[in-house]
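A.B. asks: Counted the way my numbering counts, the sequence shown spans residues 77 to 294.
Keep in mind the hints are simulated off the structure, nothing from the lab.
Be careful, since some hints might not be right.
[To be verified] Straight-line distance between alpha carbons at most 30 Å, and here's what the computed DSS-like set of lysine-lysine pairs gives: (1) K173 <-> K217; (2) K262 <-> K173; (3) K229 <-> K262; (4) K229 <-> K268; (5) K268 <-> K173; (6) K217 <-> K262; (7) K229 <-> K217; (8) K229 <-> K173; (9) K268 <-> K217.
Since this is a predicted model, take the numbers as computed values, not measurements.
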Amino acid sequence: MKLKWGLIGILIGILSACQSSNQPMDITYPQPSINIPAEGQKPPIDSEVEIKTPVLKSDQIEEPINQTDENEERVDSLVSATVNQAVELLQLQMSEKQLAAIIHEPTEQQLAIVDHLDVIEYNQEPSDERLLVIPQHIGSKITIYQVRYEDDKLIEGTPLLETQIVEDGQILDIECSLPEGIPHTKIVIEYKENRVDYLITYDGVGTRPQVEFLEDEN
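Using the sequences and the hints given, assemble the complete structure.
C.D. replies: Laid out in structure tokens, this is it:
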């Protein structure tokens, strides 16, 4: 009888153990913590990224171009270039007010220099006089007029030649006739607001200098 009750107790224990093993297990998994920012606050940054601005070395920094200095140098070079180089080559001492020089019957030495210049030629037939017109400034305008004497004054007629000195070293080489009486040819030289007139006349006395300087007297 005791054995019977002992077996029954063992069976009850086994059944109790099976029932407890069939019950679901309560497993709790760890949850990540989330920090919710309060109103008006910026959310936290998980990882800070350091942003570095590249620093250029002194030899890598480009200097700003100063346009003003370049323009001033360009203007200065243009101003200095307005003096005709022929004046210096022919060794002419000219003042600032003189617009041109006239060389009558140039010498062989002067003609040797002229061979290296830019020469504008004007020839009249017949011709018995040769003269060189040396403008002092690049940009000078030279006009040769035929003139006539009327009512006690000389009247300009049709221009025989109109030219402008646009290159350094340019001069005018004129071969023309010289009447002993009233002149019939005039040279007009203009530069900016300045003007000078020169009548080509005959030197009967022989006292005229070989080089004459033309100056605006106004």
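A.B. asks: For each hint, tell me whether it holds in the structure or not.
C.D. replies: Cross-check of the supplied hints:
| no. | hint | result |
| --- | --- | --- |
| 1 | K173 <-> K217 | holds, 16 Å |
| 2 | K262 <-> K173 | holds, 20 Å |
| 3 | K229 <-> K262 | holds, 13 Å |
| 4 | K229 <-> K268 | holds, 26 Å |
| 5 | K268 <-> K173 | holds, 12 Å |
| 6 | K217 <-> K262 | holds, 14 Å |
| 7 | K229 <-> K217 | holds, 24 Å |
| 8 | K229 <-> K173 | holds, 27 Å |
| 9 | K268 <-> K217 | holds, 9 Å |
Hint compliance for this structure: no hint is broken.
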